[in-house]
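Fit chain B to the given chain A structure using the hints.
If you're matching them up, the sequences are chains A and B in order. The opening residue of the first sequence carries number 1172 in this note's numbering; numbering runs sequentially from there. The opening residue of the second sequence carries number 1172 in this note's numbering; numbering runs sequentially from there.
The set of hints was computed from the structure by calculation and includes no laboratory data. Please note that a few of the clues may not be correct.
As the list claims (entries may be wrong) - Derived CB-CB ranges, DEER-like:
id	chain 1	residue 1	chain 2	residue 2	range
1	B	Trp1574	A	Lys1188	43 to 53 angstroms
2	B	Gly1448	A	Asp1195	53 to 63 angstroms
3	B	Lys1346	A	Gln1179	38 to 48 angstroms
4	B	Lys1189	A	Gly1469	50 to 60 angstroms
5	B	Lys1326	A	Arg1512	22 to 32 angstroms
6	B	Gln1395	A	Val1294	38 to 48 angstroms
7	B	Glu1368	A	Ser1563	45 to 55 angstroms
Stated by the list, open to error - Example chain A residues on the side facing chain B (calculated, C-beta under 10 angstroms, incomplete):
id	residue
8	Lys1346
9	Asn1503
10	Val1577
As the list claims (entries may be wrong) - SDA-like, lysine to any residue: derived pairs with alpha carbons at most 25 angstroms apart:
id	chain 1	residue 1	chain 2	residue 2
11	B	Lys1555	A	His1212
12	A	Lys1327	B	Lys1326
13	A	Lys1326	B	Lys1546
14	B	Lys1259	B	Arg1308
15	B	Lys1403	A	Lys1326
16	B	Lys1234	B	Asp1291
17	A	Lys1507	B	Lys1326
18	A	Lys1326	A	Thr1345
19	A	Lys1346	B	Glu1371
20	A	Lys1546	B	Lys1314
21	A	Lys1457	A	Gln1520
22	A	Lys1234	A	Gly1253
Note that the Cβ used here is the ideal one computed from N, Cα and C, for glycine as well.
2 protein chains.
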Amino acid sequence: MELLDVQQVQEVAEKIKKQFQAIDSVEEISIIEAVGRVLAHDMVSKEDVPGFHRSTVDGYAVKARNTYGSTESMPTFFHITGSVEMGKDVNQTIQEGQAMYVPTGGMLPEGADAVVMIEDVEVVGDLLNVFEQVAPRENVIFKGEDVYDGEVVLKKGHRLRPQDLGGLAAIGVTKVPVYTKLKVGLLSTGDEIVPPETEELLPGQIRDINGISIAAAVQALGGQIIYGGIVKDQFDQYLSKSQELFQQVDFLILSGGSSMGTKDYTSQVMNQLGSPGVFVHGISIKPGKPTIIANCNGKPVMGLPGHPVSAMVLFELFGRQIMNQLHHVNENPFAKQLRARISRNIASQVGRTDYVRVQLEIRDHELWANPVFGKSGLITNLVKSDGMIEISQYKEGIIAGEWVNVILFS
Amino acid sequence: MELLDVQQVQEVAEKIKKQFQAIDSVEEISIIEAVGRVLAHDMVSKEDVPGFHRSTVDGYAVKARNTYGSTESMPTFFHITGSVEMGKDVNQTIQEGQAMYVPTGGMLPEGADAVVMIEDVEVVGDLLNVFEQVAPRENVIFKGEDVYDGEVVLKKGHRLRPQDLGGLAAIGVTKVPVYTKLKVGLLSTGDEIVPPETEELLPGQIRDINGISIAAAVQALGGQIIYGGIVKDQFDQYLSKSQELFQQVDFLILSGGSSMGTKDYTSQVMNQLGSPGVFVHGISIKPGKPTIIANCNGKPVMGLPGHPVSAMVLFELFGRQIMNQLHHVNENPFAKQLRARISRNIASQVGRTDYVRVQLEIRDHELWANPVFGKSGLITNLVKSDGMIEISQYKEGIIAGEWVNVILFS
Chain A
1172 MELLDVQQVQ EVAEKIKKQF QAIDSVEEIS IIEAVGRVLA HDMVSKEDVP
1222 GFHRSTVDGY AVKARNTYGS TESMPTFFHI TGSVEMGKDV NQTIQEGQAM
1272 YVPTGGMLPE GADAVVMIED VEVVGDLLNV FEQVAPRENV IFKGEDVYDG
1322 EVVLKKGHRL RPQDLGGLAA IGVTKVPVYT KLKVGLLSTG DEIVPPETEE
1372 LLPGQIRDIN GISIAAAVQA LGGQIIYGGI VKDQFDQYLS KSQELFQQVD
1422 FLILSGGSSM GTKDYTSQVM NQLGSPGVFV HGISIKPGKP TIIANCNGKP
1472 VMGLPGHPVS AMVLFELFGR QIMNQLHHVN ENPFAKQLRA RISRNIASQV
1522 GRTDYVRVQL EIRDHELWAN PVFGKSGLIT NLVKSDGMIE ISQYKEGIIA
1572 GEWVNVILFS
Chain B
1172 MELLDVQQVQ EVAEKIKKQF QAIDSVEEIS IIEAVGRVLA HDMVSKEDVP
1222 GFHRSTVDGY AVKARNTYGS TESMPTFFHI TGSVEMGKDV NQTIQEGQAM
1272 YVPTGGMLPE GADAVVMIED VEVVGDLLNV FEQVAPRENV IFKGEDVYDG
1322 EVVLKKGHRL RPQDLGGLAA IGVTKVPVYT KLKVGLLSTG DEIVPPETEE
1372 LLPGQIRDIN GISIAAAVQA LGGQIIYGGI VKDQFDQYLS KSQELFQQVD
1422 FLILSGGSSM GTKDYTSQVM NQLGSPGVFV HGISIKPGKP TIIANCNGKP
1472 VMGLPGHPVS AMVLFELFGR QIMNQLHHVN ENPFAKQLRA RISRNIASQV
1522 GRTDYVRVQL EIRDHELWAN PVFGKSGLIT NLVKSDGMIE ISQYKEGIIA
1572 GEWVNVILFS
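One chain only, chain A, in its complex shape:
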């Protein structure tokens, strides 16, 4: 038998980094539909936000120095000269000893540099008694304090969250340049694989699980799936269907039958799609060892194991990396990780990185990760899991009670 020339997880990540260039295909879309999309340019503000000095409280605009020394027993007196209307310009100037009413969000009149909160004053006709001193800038957001003219608000490669769209709205940007959705091709192979909608299975048949779960994972990452269906374990059919799909996509995923024959087919197919071809022939990982990755004329092609759990784990690790890399995405590495204590000893093998599915539980005010054991072909193993933990290639295992990083499933 042919032995796989397996590589370590970290090596594979480094190689992927070197193999693929980002794709710079850009479109402009409305911010209303931009959640989850990736910014294609730095976004620079063309104005100050706010565009005027703005009160953060309901109160009276004054010159701060006129309030110095004010206390409950020794108030300072001001003359009220009017009140500011929301959303309107103010054409009065505050002079020494004068005050104007300003609602929260209202514009500060010229001459004023602070606002005394309404809780700290007493109004007697046109007269204002102030019981607390304020410092200059107190209770005011100054012009440009949120965003200044010329400031980079968001960087290229940022995946847009709801609040980021708010930030864009604030600077008057309602259309954003984003990378066009990655087209990801997905082809399932295996004589035993039948479409999920097959009602009655014949003996030996299995429904195409990866065609659904990997497609959904691609979509959740913002990709567009082009599903090539299921091909039999016949080299010619496998190759021609792969070539057809390869032409249409930015990234091709082959969800392989994991029997030996099919594995050989997959690397042969990849090498015919383009050069330099296969550069990862197996990974020192559990589950997912027989994973193959190729660079076919600059385009990534990934051969995932047929087992649904292996396929999902490997997609989360490297499919995700490839998709992010093609779009310059600088993913926040913490966004999907948390710390928990492992509830059981788990043995592992030095020289191999293990990923163990876990279910999370709060016990004694601490977060515990309970391993979900089961053979790697079990899809319920994934359905029951909240995430997975990594046991490094340098460890012989982990001890119950040890703190571990949990990578959450999306």
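This is chain B only, laid out in the frame that chain A set:
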């Protein structure tokens, strides 16, 4: 001035729990478009998965007891009677001393109860030398071992993830009953608020940030936004526009001007929309104190502060709770939280729950949360943050180095 009758965060959560019933409007959709949607029924398998005993390796199917005692130096001999084809039924039975080749995922022939891995055998013509003993069930997934006929695979109220769709595909379910998308109305109020697409702001004007960021947050949670636009601080217009929107939605959000006058309008409007009306008149929280929540004939109505940061924090805390509750969603409380050490002392006030925006950073192999300070009107404060930490009402603050829970922004 009118003092707010503020309530504690926990109290508010409890009250919301009691006030609103879930909405049981259901539709059937394809699993291909079901990521993020919420299951409306328990999903029960009508068959065993796999439907047959299945090998998890490439190897030889045997009776396990025939291998007992096999070692490298003392192999056991078997007679090879054929090989199993993928996806096909097997019409041979394994007798004592017999073996059949089975590829990974292939069907186990009758009479066999284990598979010897190909690495542990040597083939000499029709003769098989086995160098390792196997136990019964070794390297086999038995019929129904993944899912048994009648098993509940996923529960009502579960938000579907990619791997869950794989689980459904495995049991032959390609259409799922999900709750219809929640219709969430959003109305912005304030004389100073203008549409985000306004190119040149007049003095005193501010673009409608919440109309974008809260809408995006609703959509990210699977809701459908019905945007009512911007109304001025005039009671009649505010009321009639609110009534119109209220009729069309399952949940109404009023993003209020936060000046005192507007706040009063909001609770008056809510009380006219239906009874019993407002039950939360302010929350002992920072930011976001002037938040108002009403039950109008069973329908939730929430008045968010106009400040974008306050609005977002309050939506994440209570808008999210309301949306989940309307769909029976049993959210995994850990899915958006992680542990980090706070990098600075932060003072807080006993009797009030504070939420502080933080940026995450790895330092000395540990995760640190750096507070993002800034006045609550600053949208960049949110754009720069990865999440927020909670300082409980019982604490006077937190000390640099302390471990805290970080609630990640989506």
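Hints, verified against the model:
The supplied range of 43 to 53 angstroms is broken by Trp1574/B and Lys1188/A, whose beta-carbon atoms lie about 33 angstroms from each other. The given range of 53 to 63 angstroms is respected by Gly1448/B and Asp1195/A, whose C-beta atoms sit roughly 54 angstroms from each other. With their beta carbons about 43 angstroms apart, Lys1346/B and Gln1179/A fall inside the hinted range of 38 to 48 angstroms. Checked against the given bound of 50 to 60 angstroms, the beta carbons of Lys1189/B and Gly1469/A, roughly 59 angstroms apart, stay inside it.
Remark: the range hint 22 to 32 angstroms for Lys1326/B to Arg1512/A is upheld by a beta-carbon distance near 26 angstroms. In this structure, Gln1395/B and Val1294/A meet the distance hint of 38 to 48 angstroms, their C-beta atoms being roughly 46 angstroms apart. The supplied range of 45 to 55 angstroms is met by Glu1368/B and Ser1563/A, whose beta-carbon atoms lie about 51 angstroms from each other. The criterion of a C-beta within 10 angstroms of any C-beta in chain B is met by Lys1346/A, whose closest approach is roughly 9 angstroms, and the hint holds.
Evaluation of the Asn1503/A hint against chain B yields a held restraint, the C-beta minimum of about 6 angstroms falling below 10 angstroms. Taking 10 angstroms as the C-beta contact cut-off toward chain B, the hint placing Val1577/A at the interface holds, the least distance being around 8 angstroms. Of the supplied pair hints, the one linking Lys1555/B and His1212/A holds, its CA atoms being roughly 17 angstroms apart against a limit of 25 angstroms. A C-alpha spacing of about 40 angstroms is found between Lys1327/A and Lys1326/B, which places the hinted pair above 25 angstroms, so the restraint is violated.
A distance of roughly 23 angstroms separates the Cα atoms of Lys1326/A and Lys1546/B; the hinted pair therefore holds under the 25 angstroms criterion. Using a Cα cut-off of 25 angstroms, the hinted pair Lys1259/B and Arg1308/B holds, with the two alpha carbons roughly 21 angstroms apart. The suggested pairing of Lys1403/B with Lys1326/A is violated, with an alpha-carbon distance near 35 angstroms, which exceeds 25 angstroms. A distance of roughly 15 angstroms separates the Cα atoms of Lys1234/B and Asp1291/B; the hinted pair therefore holds under the 25 angstroms criterion.
Taken as a hint, the Lys1507/A and Lys1326/B pair is honoured in the structure, with Cα atoms around 24 angstroms apart against an allowance of 25 angstroms. Restraint check for Lys1326/A and Thr1345/A: the C-alpha separation of about 16 angstroms stays at or below 25 angstroms, so the hint holds. Between Lys1346/A and Glu1371/B, the direct Cα distance comes to roughly 16 angstroms. Compliance with the 25 angstroms bound is thereby established for this hinted pair. Restraint check: the Cα-Cα separation between Lys1546/A and Lys1314/B comes to about 13 angstroms, which is no more than 25 angstroms; the hinted pair holds.
For the given pair, Lys1457/A sits about 10 angstroms from Gln1520/A by alpha-carbon distance, which is consistent with the 25 angstroms threshold. Of the pairs offered as hints, the one joining Lys1234/A and Gly1253/A holds, with about 15 angstroms between alpha carbons and a cut-off of 25 angstroms not exceeded.
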